[in-house]
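Participant: One letter stands for each residue in the lines below.
Protein chains: 2
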Amino acid sequence: MPNPLVNPTHDPELRSWVGSANDRATDFPIQNLPFGRFRAAEGDRTGVAIGELIVDLTGASAAGLFAGAAAEAAKAGAQGLDQLARLGLPAASALRFALSTMLVDGSRHRTGIEPFLREQRGTDMLLPMPVRHFTDMCVSTFHIGRRRGTDSNGQPLCPPAMRHIPVGYDGRPGSVVVSGSPVRRPWGTWQHPEGEGEPQFGPEPRLDYELEIGIWLAGTGKDGGSTTTIGEASEAIFGYGLLNDWSARGIQFFETMLGPFLGKSIATTVSPWIVTSEAVAPFRIPAFVRPPCDPPVPVHLDDADDRHAGGLAIALEAAIESAAMREAGLPPHRVCATDFRHMYWTPAQMIAHHASNGCVVAAGDLIGTGTCSGPDPAEAACLLERNFGGPWQLPGGETRGWLEDGDRVLLRGRLERPGYVPIGLGTAEGLIEPALQVFG
Amino acid sequence: MPNPLVNPTHDPELRSWVGSANDRATDFPIQNLPFGRFRAAEGDRTGVAIGELIVDLTGASAAGLFAGAAAEAAKAGAQGLDQLARLGLPAASALRFALSTMLVDGSRHRTGIEPFLREQRGTDMLLPMPVRHFTDMCVSTFHIGRRRGTDSNGQPLCPPAMRHIPVGYDGRPGSVVVSGSPVRRPWGTWQHPEGEGEPQFGPEPRLDYELEIGIWLAGTGKDGGSTTTIGEASEAIFGYGLLNDWSARGIQFFETMLGPFLGKSIATTVSPWIVTSEAVAPFRIPAFVRPPCDPPVPVHLDDADDRHAGGLAIALEAAIESAAMREAGLPPHRVCATDFRHMYWTPAQMIAHHASNGCVVAAGDLIGTGTCSGPDPAEAACLLERNFGGPWQLPGGETRGWLEDGDRVLLRGRLERPGYVPIGLGTAEGLIEPALQVFG
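Going down the list, the protein sequences come from chains A and Z.
Heads up, the first sequence is in this note's numbering, so the first residue is 1 and it goes up one at a time.
Heads up, the second sequence is in this note's numbering, so the first residue is 1 and it goes up one at a time.
It is worth saying that the hints were derived from the structure and are not from the lab.
Beta carbons are placed, not taken as given, at the ideal position from N, Cα and C, and that holds for glycine.
Don't take each hint at face value.
Computed far set for chain A versus chain Z, every beta-carbon distance over 10 Å [to be verified]: (1) V6; (2) P12; (3) R15; (4) H133; (5) T150; (6) N153; (7) T220; (8) E255; (9) M257; (10) P291; (11) A323; (12) P332; (13) H333; (14) A337; (15) V360; (16) Q393.
Estimated spans, in silico, between C-beta atoms of each pair [stated by the list, open to error]: (17) A324(A) with S226(Z): 48 to 56 Å; (18) G149(A) with R334(Z): 47 to 55 Å; (19) A62(Z) with G112(A): 44 to 52 Å; (20) E433(A) with T220(Z): 19 to 27 Å; (21) I285(A) with A40(Z): 53 to 61 Å; (22) G106(A) with E433(Z): 55 to 63 Å.
Chain Z side only, calculated, beta carbon under 10 Å to chain A, not exhaustive [claimed, not checked]: (23) V6; (24) T135; (25) G263.
The following block holds chain A by itself, in its conformation from the complex:
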């Protein structure tokens, strides 16, 4: 059966008159068309990535290049991506179709839109939209089970709730920053890793990254107390990006009585481009196959025909480049290669559960999926898990446990499937800066 979510904008035969968009290695072929915000001399603007270029959507909209539903969507998007996301998926889809038509090889709109193209290189990207709420979930049993071993069924040992519901917590919206923002090592209260000795207040010794997917929501939500079905939850996903949930492990473990707090609010880095729900449609896969010993899917998250709650295959990797490697001209070193397919719950299930208590989730909400670890040790998507195997090496001979000052962490995501043109999520990166000398 053909994928009902695939349409002519996904056609693998489409090529763009923007040459760099036709390179198989690009994250941004004409089949992707992600949205982002950038800084320009004229003020902050909305853009669409195509190959190595950006379409200035704010400019193109003001010039009257769009018509009908696409014009309305472009006008909203020009003001801010939260405005576009509020309109819902049909609006974003109309705009995507118009952009595809304008950027395709031989388009009669080329001369109209060409003046609104600029280079990505050298352009300052901004947070894609204001983050009103940031929720972080934890839906990889492999992430939680890595250090706990397996149960009698050979499944990762996890708190039972993880297999009944997508577990999550509220994060701090103001801590979300765009890729490229520096990450300063925080001060905080922490204890020796073995829990020995008095807690001390000092610069965090166990700084970590967490490779996650960020889900940007669409729509205006439903009135408090109303149901959000799996189908509605699926319609509430504006798009996806990379998310690095930087974690100060010493602080996190000491303060954890009510969940993560200052161990997480140091910074959360997101990639600048939102790859839309529509763009990822070809890469949908069935939901994670639950082992027979696991509890049944609860009623509010059940989607018998898997039409809405489907999973997503995204090849993910994290790489580290130390200051010494940078100086020696060595490229970033891959420390993790994993896939989003390992998540126990699907994005639609996460959203339906989030809204199940009447909580209004809407455009402006960003949901982190939690560390996207898979079963294999090479799929450990943070250092907490990797360090479980003891100290490890970077090229050039450095030994590592946790992140050091000067380390740059880079996350990447790529969606590929035979018969389709691969697309990518771009990059989320951040450089660790030393702690300020502020106390004692």
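Position chain Z against the provided structure of chain A, taking the given hints into account.
Facilitator: Same frame as chain A, but now just chain Z:
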């Protein structure tokens, strides 16, 4: 030594030409002058409570009644209390002084401001300001220790971190609503109280209130990574209000792997008036006296002379009015009488700790202190603690464990000290509505 924070606006001899402000029972004498927002035919406006009336600050500001720093503060405040709070405490203080001068008995400004007065009764109050961040802390050892008993030193048994740092977690800003907003019983996943049987998805059976103080922050915060001293933290408090952190205990306990989430995001009710830092100055008390067996105050929260980190005495109470009581004409029944003085950490310590990892805390931040329970059983500030003593009775003969549909919960707070005119925080109330019939 006289309290250096007390000034002529606190003078107990001051009386207002607004008669109801001179009643000893009012929460809003001329010594209080709290800020709030209300709905008017002309649009949303900022107001100041005086007795049973409201000064329309937006109108008075537009009419040019203020001069100098007070005019600047009034203009910002007229747009939104977050704008006034951003300016910091000196601005709010200048405005308070001007208002005091205008409302005092015999003021030559009376004819100017009198046209901008309206009745509180019948006026729809709004959320005092947009909540950008909501943090909930947990700083009463009595709250956590109630069900755990005492340690070998006779102190409440708590996780050790509670005595090293003010423990907190991020809440959901969008869940904060103003007093009077209905609270719908949520659906969710919960287990039998004894943890027996399969978890089920249904309307929450263990709905609870939590009596807390809400701290509204001022200023623009400090750059990421910078120190916030106790003194600076003290200057970052715009004011105080009541806060009911409604809690769905079944949901909360089942999902708690990463802290409270859907068990809390149903609603958090705040009182409509922000009672300023300056207004509460006469009611400051020394910080909580730590038992000698407790760990020393950490360096970043230490305030040797207790000049900034001082505590605050606020007499607090919670009352419940059931549907049957309402029908029978019975008044709300007090279920808790406690005091803010029992908090282990002071507001300034909470803020200094919150900012210690470089997190920027600023106007738009609301911090809940956590349930304000004291040592006595009558000071149990939520039903979870109260139920520990078994079922209890409401007037009219109803037996209660948890909140029932139709229950109205009212919180009140009052500050009194010999030699000063008492002031109050007003009321935070909410009525429990039945769960929607949405699943199964």
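Participant: All hints are to be evaluated individually against the structure, with a verdict given for each.
Facilitator: Results for each hint:
1. V6: 32 Å, holds
2. P12: The claim holds: P12(A) sits with its nearest Cβ about 41 Å from chain Z, beyond 10 Å.
3. R15: 44 Å, holds
4. H133: Label violated. Min Cβ-Cβ 6 Å, cutoff 10 Å.
5. T150: 19 Å, holds
6. N153: At roughly 17 Å from the nearest Cβ of chain Z, N153(A) sits farther out than 10 Å, so the non-interface label holds.
7. T220: 12 Å, holds
8. E255: Since the minimum Cβ distance to chain Z is about 6 Å, E255(A) lies within 10 Å and the statement is violated.
9. M257: Per Cβ check, M257(A) is inside 10 Å of chain Z; nearest 5 Å; violated.
10. P291: 17 Å, holds
11. A323: Holds, since 19 Å exceeds 10 Å.
12. P332: 25 Å, holds
13. H333: 27 Å, holds
14. A337: Since the minimum Cβ distance to chain Z is about 26 Å, A337(A) lies beyond 10 Å and the statement holds.
15. V360: 6 Å, violated
16. Q393: At about 30 Å from chain Z, Q393(A) clears the 10 Å cut-off, so the statement holds.
17. A324(A) with S226(Z): 48 to 56 Å: For A324(A) and S226(Z) the Cβ distance comes to about 29 Å; the hint is violated.
18. G149(A) with R334(Z): 47 to 55 Å: 52 Å, holds
19. A62(Z) with G112(A): 44 to 52 Å: 46 Å, holds
20. E433(A) with T220(Z): 19 to 27 Å: Holds - the Cβ-Cβ distance for E433(A) and T220(Z), about 22 Å, lies within 19 to 27 Å.
21. I285(A) with A40(Z): 53 to 61 Å: Taking Cβ atoms as reference, I285(A) and A40(Z) lie about 54 Å apart, which means the hint holds.
22. G106(A) with E433(Z): 55 to 63 Å: Holds - the Cβ-Cβ distance for G106(A) and E433(Z), about 59 Å, lies within 55 to 63 Å.
23. V6: 32 Å, violated
24. T135: This interface hint holds because 8 Å falls under the 10 Å limit.
25. G263: 8 Å, holds
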